[in-house]
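One letter stands for each residue in the lines below.
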Amino acid sequence: MTDKRGNSRHQDDKQLFIIYYFEKMKTFQHVQDIGPLDKALAEAKEIKNDRFKYQHLGKNKTLMMIFFNNSLRTRLSTQKAAMNLGMNVIVLDVNAGAWKLETERGVIMNGDKSEHLLEAIPVMGCYCDIIGVRSFAGLTDREYDYAETVFNQFIKYSGKPVFAMETATVHPLQAFADLITIEEYRKQQQKKAKVVLTWAPHCRALPQAVPNSFAQWMNAAPDIDLVITHPKDYELDPFFVGNAQVEYNQKKAFEDADFIYAKNWSCPGVTNPDDYGKILSTDMDWTVDTEHMSWTNNAKFMHCLPVRRGLIVTDDVIESPDSIVIPEAANREISCSVVLKRMLEALNN
Amino acid sequence: MTDKRGNSRHQDDKQLFIIYYFEKMKTFQHVQDIGPLDKALAEAKEIKNDRFKYQHLGKNKTLMMIFFNNSLRTRLSTQKAAMNLGMNVIVLDVNAGAWKLETERGVIMNGDKSEHLLEAIPVMGCYCDIIGVRSFAGLTDREYDYAETVFNQFIKYSGKPVFAMETATVHPLQAFADLITIEEYRKQQQKKAKVVLTWAPHCRALPQAVPNSFAQWMNAAPDIDLVITHPKDYELDPFFVGNAQVEYNQKKAFEDADFIYAKNWSCPGVTNPDDYGKILSTDMDWTVDTEHMSWTNNAKFMHCLPVRRGLIVTDDVIESPDSIVIPEAANREISCSVVLKRMLEALNN
Amino acid sequence: MTDKRGNSRHQDDKQLFIIYYFEKMKTFQHVQDIGPLDKALAEAKEIKNDRFKYQHLGKNKTLMMIFFNNSLRTRLSTQKAAMNLGMNVIVLDVNAGAWKLETERGVIMNGDKSEHLLEAIPVMGCYCDIIGVRSFAGLTDREYDYAETVFNQFIKYSGKPVFAMETATVHPLQAFADLITIEEYRKQQQKKAKVVLTWAPHCRALPQAVPNSFAQWMNAAPDIDLVITHPKDYELDPFFVGNAQVEYNQKKAFEDADFIYAKNWSCPGVTNPDDYGKILSTDMDWTVDTEHMSWTNNAKFMHCLPVRRGLIVTDDVIESPDSIVIPEAANREISCSVVLKRMLEALNN
Numbered sequence: 002m003t004d005k006r007g008n009s010r011h012q013d014d015k016q017l018f019i020i021y022y023f024e025k026m027k028t029f030q031h032v033q034d035i036g037p038l039d040k041a042l043a044e045a046k047e048i049k050n051d052r053f054k055y056q057h058l059g060k061n062k063t064l065m066m067i068f069f070n071n072s073l074r075t076r077l078s079t080q081k082a083a084m085n086l087g088m089n090v091i092v093l094d095v096n097a098g099a100w101k102l103e104t105e106r107g108v109i110m111n112g113d114k115s116e117h118l119l120e121a122i123p124v125m126g127c128y129c130d131i132i133g134v135r136s137f138a139g140l141t142d143r144e145y146d147y148a149e150t151v152f153n154q155f156i157k158y159s160g161k162p163v164f165a166m167e168t169a170t171v172h173p174l175q176a177f178a179d180l181i182t183i184e185e186y187r188k189q190q191q192k193k194a195k196v197v198l199t200w201a202p203h204c205r206a207l208p209q210a211v212p213n214s215f216a217q218w219m220n221a222a223p224d225i226d227l228v229i230t231h232p233k234d235y236e237l238d239p240f241f242v243g244n245a246q247v248e249y250n251q252k253k254a255f256e257d258a259d260f261i262y263a264k265n266w267s268c269p270g271v272t273n274p275d276d277y278g279k280i281l282s283t284d285m286d287w288t289v290d291t292e293h294m295s296w297t298n299n300a301k302f303m304h305c306l307p308v309r310r311g312l313i314v315t316d317d318v319i320e321s322p323d324s325i326v327i328p329e330a331a332n333r334e335i336s337c338s339v340v341l342k343r344m345l346e347a348l349n350n
Numbered sequence: 002m003t004d005k006r007g008n009s010r011h012q013d014d015k016q017l018f019i020i021y022y023f024e025k026m027k028t029f030q031h032v033q034d035i036g037p038l039d040k041a042l043a044e045a046k047e048i049k050n051d052r053f054k055y056q057h058l059g060k061n062k063t064l065m066m067i068f069f070n071n072s073l074r075t076r077l078s079t080q081k082a083a084m085n086l087g088m089n090v091i092v093l094d095v096n097a098g099a100w101k102l103e104t105e106r107g108v109i110m111n112g113d114k115s116e117h118l119l120e121a122i123p124v125m126g127c128y129c130d131i132i133g134v135r136s137f138a139g140l141t142d143r144e145y146d147y148a149e150t151v152f153n154q155f156i157k158y159s160g161k162p163v164f165a166m167e168t169a170t171v172h173p174l175q176a177f178a179d180l181i182t183i184e185e186y187r188k189q190q191q192k193k194a195k196v197v198l199t200w201a202p203h204c205r206a207l208p209q210a211v212p213n214s215f216a217q218w219m220n221a222a223p224d225i226d227l228v229i230t231h232p233k234d235y236e237l238d239p240f241f242v243g244n245a246q247v248e249y250n251q252k253k254a255f256e257d258a259d260f261i262y263a264k265n266w267s268c269p270g271v272t273n274p275d276d277y278g279k280i281l282s283t284d285m286d287w288t289v290d291t292e293h294m295s296w297t298n299n300a301k302f303m304h305c306l307p308v309r310r311g312l313i314v315t316d317d318v319i320e321s322p323d324s325i326v327i328p329e330a331a332n333r334e335i336s337c338s339v340v341l342k343r344m345l346e347a348l349n350n
Numbered sequence: 002m003t004d005k006r007g008n009s010r011h012q013d014d015k016q017l018f019i020i021y022y023f024e025k026m027k028t029f030q031h032v033q034d035i036g037p038l039d040k041a042l043a044e045a046k047e048i049k050n051d052r053f054k055y056q057h058l059g060k061n062k063t064l065m066m067i068f069f070n071n072s073l074r075t076r077l078s079t080q081k082a083a084m085n086l087g088m089n090v091i092v093l094d095v096n097a098g099a100w101k102l103e104t105e106r107g108v109i110m111n112g113d114k115s116e117h118l119l120e121a122i123p124v125m126g127c128y129c130d131i132i133g134v135r136s137f138a139g140l141t142d143r144e145y146d147y148a149e150t151v152f153n154q155f156i157k158y159s160g161k162p163v164f165a166m167e168t169a170t171v172h173p174l175q176a177f178a179d180l181i182t183i184e185e186y187r188k189q190q191q192k193k194a195k196v197v198l199t200w201a202p203h204c205r206a207l208p209q210a211v212p213n214s215f216a217q218w219m220n221a222a223p224d225i226d227l228v229i230t231h232p233k234d235y236e237l238d239p240f241f242v243g244n245a246q247v248e249y250n251q252k253k254a255f256e257d258a259d260f261i262y263a264k265n266w267s268c269p270g271v272t273n274p275d276d277y278g279k280i281l282s283t284d285m286d287w288t289v290d291t292e293h294m295s296w297t298n299n300a301k302f303m304h305c306l307p308v309r310r311g312l313i314v315t316d317d318v319i320e321s322p323d324s325i326v327i328p329e330a331a332n333r334e335i336s337c338s339v340v341l342k343r344m345l346e347a348l349n350n
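Protein chains in written order, with our numbering: chain Y, 2 to 350; chain E, 2 to 350; chain D, 2 to 350.
Derived from the structure by calculation, the hints contain no laboratory data. Incorrect hints may have been included.
Intra- or inter-copy, both count: the list cannot distinguish identical chains.
What the hints assert, rightly or not - Okay, derived cross-link-like pairs now, DMTMM-like style, lysine to aspartate or glutamate, Cα gap no bigger than 20 Å in a straight line:
| no. | residue 1 | residue 2 |
| --- | --- | --- |
| 1 | Lys264 | Asp234 |
| 2 | Lys157 | Glu236 |
| 3 | Lys62 | Asp130 |
| 4 | Lys101 | Asp316 |
| 5 | Lys264 | Asp113 |
Note that the structure is a prediction, hence the values are computed from the model and not measured.
The whole structure should be built from the sequences, with the hints applied where relevant.
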C-alpha cells in the first residue's frame with residue numbers, strides 16, 4: 002500500500018491516455034477511457050449549459066440499460082442523459098420480468114436459471130447500439146469480483162460498446178460527476194484542492210466500487226491532492242490508491258480539507274484475502290458529524306448517495322449549507338451525457 | 002357533517018379560483034388548482050378532438066412518474082397523455098428496482114431502508130421537469146394521512162411542479178375525468194344533473210381519496226347537484242363534503258338520480274377518530290344491482306375502477322348499456338392531458 | 002396424427018391466405034394472418050437493410066406490451082421494432098406494479114384479485130393503438146389453453162389490433178423469425194431444405210407454443226420439407242402438424258437434415274387428454290450433441306432461446322460455428338417490424 006506501488010501503476014495509466022483517446026470509445030470503465038480530463042470537464046460544462054445540444058447524435062440509436070441490482074440515481078440520470086441526446090431507451094431489470102441467468106459453463110441447467118449469460122448477452126446486444134450494465138460485487142470471491150467477470154463478458158460477447166453503471170469494482174459515472182462537482186465548488190483562489198476520502202461505518206457489507214473509482218479519478222485530476230483515511234485493514238486496492246496519501250488518523254486527514262467525501266466500504270482484502278467483503282469495524286467515531294467538519298478548511302461535504310443517516314453522517318452535516326450531495330447527484334446526468342455523447346460519436350464515425 | 006360547515010369551506014375555495022388560475026400551475030391536488038372548470042372542460046374537449054395538438058409543448062421535457070403503490074389506469078393513461086404532449090417519460094416503481102426509503106428524521110438508519118426521502122426527493126427532482134406521485138393512505142394514522150405528508154414533501158423538496166396520481170386523500174385526475182364524462186353523458190335538456198355518490202361494501206379497507214376528490218369536483222362543477230349516501234359513521238371529511246346533501250337512506254338518495262357513482266371507502270374517522278381506516282359495515286344491501294338502478298331516472302352507472310364485481314356492483318349492472326365505466330376510464334387520458342398541458346405552459350412561460 | 006388429417010386442415014388454411022391478406026391486419030396469431038410468405042420474406046429483407054424506412058408510420062401511435070409472463074427476447078426485440086417504426090411504447094407487467102386480474106364471470110371478487118379482465122382489457126385498449134400480449138399456457142386445462150381464452154378476450158374486448166407475443170398455443174413472431182433465418186442460411190443450390198423439429202428433454206413442463214407455430218410456418222413456407230421427431234405420446238396437435246412427416250426415430254429423422262430445430266415441449270395430450278402438460282420422458286439420449294449433429298447434412302443448429310444447456314443441447318453444439326441461435330434471435334426484431342408495419346398500415350388506411 003506504498004506510494005511507490007500505486008504510483009508506478011498510475012504512471013503507466015497516464016501513458017495510456019493518449020492512446021485510448023484517439024481510439025473509438027467502446028468501453029467506459031476506467032478514468033483513462035474518457036481521455037484528457039480537462040477536455041472532458043470542458044465538455045461537461047458545455048453540455049450543462051445546453052443539455053440538448055447533441056440531440057442529433059442519438060437519433061435512431063438505442064441504449065439498453067441492464068440492471069442486475071437495484072438503482073435510483075443511475076436508473077434515472079442515465080435515462081435522462083440518453084433522452085437528452087435523442088436516444089431510445091430500453092430498461093431491463095434482469096431479476097424482474099426476465100429470466101434468471103446462468104453464468105458458469107459446463108453446467109446441466111436443471112435448476113432455477115433458465116438461460117445462460119453466453120446466449121443472453123449477445124442477444125441483448127442484437128437489439129441496441131450501446132449497453133449500460135449494473136452488476137454489483139458478490140463480496141465472497143475477491144478474484145471473481147476483481148476480474149470484473151460479468152462486465153467483461155458483456156464487453157466480450159455483446160458486440161456493442163459497454164459502459165459501467167457500477168460494476169463489481171468501479172463506478173466511473175459517479176466519480177466523473179464527483180469531479181465535475183468539485184470543479185464547480187472549489188475555491189478559485191486555491192491552486193490545489195485537498196480532497197479527503199473517508200471511510201465511515203455502515204450496517205451492511207458494501208462494495209468498493211465507489212471509493213475505487215473516486216480514488217482513480219481524483220488521482221488523475223489536475224490540481225487535486227487526495228488523502229484517503231480509514232481504519233487499518235481497510236486498505237483499497239493499490240491499483241486504485243495510486244499515488245494518493247493514506248492516513249490512518251481521521252482527524253489529521255481532515256485538517257485543511259476542502260472536500261470531505263464520506264463512504265463506507267467492506268474490507269477489500271488487500272492485507273488478508275480471507276477478510277474480503279467482511280465488516281471489520283463499526284466504529285461510530287468515524288461517523289462524520291459537525292465536530293469532524295470543524296477540523297477542516299470549511300470543507301464541502303460529499304457522498305454518492307444513498308446514504309444511511311446516523312451511520313455515515315449526521316442529519317446536521319448532510320442538511321448543512323456545506324453539504325453538496327444534491328448538486329453532486331444532479332451532475333450524474335451531466336457525466337453520463339458526456340460519456341454517451343462520446344460513444345455516439347464513435348458509433349457515427 | 003352539516004351543510005353549513007362544508008359550505009363555508011367550499012365558499013372560501015371558490016374565492017381562491019381566480020388567484021390560483023393566474024399563478025403558474027405548480028401543483029395539481031385540489032379542484033381550484035385547475036382554475037375555472039368551464040374553461041378546463043372546454044380544453045378537455047379540444048384535446049379530445051386532437052390529442053396531439055400541443056405536442057410542441059413537451060419537447061425536451063421529462064415527466065417522472067413515481068409509484069409507491071400499484072397502478073393500472075393511472076400508469077397507462079398518464080404515460081399516454083405525456084407522450085401525446087411530446088414529453089419523455091421515466092417510470093419509477095419505488096418498491097421494485099429502487100431502494101426502500103426512510104421517511105422519519107433523526108433515525109439511525111441501520112434497518113432495511115437504505116435511503117432517506119429527504120435525499121431521494123430532491124435527487125428525483127434533478128432529473129425531470131414535472132413529477133407525478135402515487136402514494137396511498139396508510140389508513141392507520143389519520144393525522145399523517147390527511148396532512149398529505151409524503152405528497153407535501155415532494156412539493157417542498159423536489160423543486161419541480163408536482164401532481165397527484167392519487168395521494169393519501171385525493172385523486173383529482175380521476176375526479177376531473179369523471180366530470181368530463183358526466184358532461185358528455187348528461188341529458189342536454191336538463192339544467193341540473195343529479196349525481197349520487199354511493200358507498201358500497203368491499204372486503205378490504207380502502208382509502209377515501211376517490212370519494213373525497215369526487216365530492217370536491219362535483220361541488221365545484223356547474224349545474225350539478227351532489228348527493229352522498231352511505232351508512233352512518235362513514236361520513237367523509239367536511240372539507241370535501243362541502244355543500245353536498247348527505248342522505249343515509251340509499252333508496253331515497255337514488256330517486257331521480259342521473260348518475261350513480263359507486264365506491265367503497267373505509268371509515269374516514271370524522272365522528273370517531275379511533276375508527277379511522279376501519280371497515281364498519283359489509284352490508285351487501287348497498288351493492289348496486291338492477292333493483293337499485295330501477296329507483297333512478299335511468300341513471301348512468303360510474304365507477305373509477307378497479308371494481309370488485311359482486312361486492313360493489315353486480316355483473317348485470319356493470320355490463321349494461323347504462324354502464325359508462327369504460328368511457329370514464331378513457332377520459333383519464335384527457336384529464337391528464339389538460340393538467341400536463343397547463344404545467345408545461347407554466348414551465349415554458 | 003396422419004398426414005391426411007393434418008393435410009386437409011393445412012389445405013383449408015392455404016385457401017384463407019388470399020382472403021386474410023386483403024383484409025386489414027387486425028390480429029397476428031397464425032401464419033395466414035401475414036398473407037403470402039414470399040411477400041412477407043421480401044419485406045423482412047427490405048426492413049433488415051433499412052430498419053428506419055417506415056418510421057413515419059408509427060408517429061403518434063402507441064404500442065402497449067402486456068406481459069402476464071416473463072420475457073427477455075420478446076420484451077427487447079418488440080420494443081426495438083416499435084421504436085424503429087417511430088412508435089411510442091408502454092410496457093405493462095401485469096404481475097408487477099399492476100393489479101391481479103380476475104378472469105371468470107359471476108364471481109364475488111373478495112379474494113386477492115382486485116380487477117376483472119372484462120374491465121381491464123377495454124381500459125388498456127383505450128390508451129393505445131396496438132396491443133401485444135404474452136400469456137403462457139397454464140398446462141392444466143387443455144381445453145382452456147387451446148381455446149386461447151386470454152388472447153381471444155383481448156381480441157374481443159380491447160377494440161384494438163392484437164398480436165401474440167407468445168400465447169397459450171402459438172408464438173408466431175418466433176416462427177416468422179425462424180423462417181427468415183432459414184432463408185438466410187439455406188444452401189442456395191438446393192431446391193428443397195430439410196428442416197427437422199426435434200423434441201429434447203427438459204426439467205420443467207413447457208408449453209407447446211413454439212413447436213406449434215414452428216410447424217405451422219414451416220408447413221406454409223415454400224421449398225421446405227418439415228420432419229418432426231419426438232418420443233411416442235408427444236404428438237403435437239394435428240392442426241399444427243399439418244402435412245409434416247412425423248418420425249419417432251430421432252437418428253433417422255436427422256439424416257440429410259439441413260436445419261435442426263431443438264425444443265422441449267410437455268405432452269400436448271393428443272393421444273391421452275389426461276396427460277396434457279405432463280413430462281412423459283426425460284430421456285437424455287434426445288439431447289442434441291455432436292454425435293447427433295454428425296448424422297445430418299452439416300445442418301445448422303437452431304433454438305428459440307432461452308435454452309437449458311446440458312439438457313436440450315450440449316455446450317459444444319450451441320457454441321459451434323453451425324449454431325445460428327444468435328442470428329435467429331436477432332431476426333426477432335425483423336419479424337416484429339414486419340408485423341407492426343402491417344398493422345400500422347392497416348390503421349392508417
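In ascending order, which of the hints set out earlier in this document are inconsistent with the structure? Failing hint: just 2.
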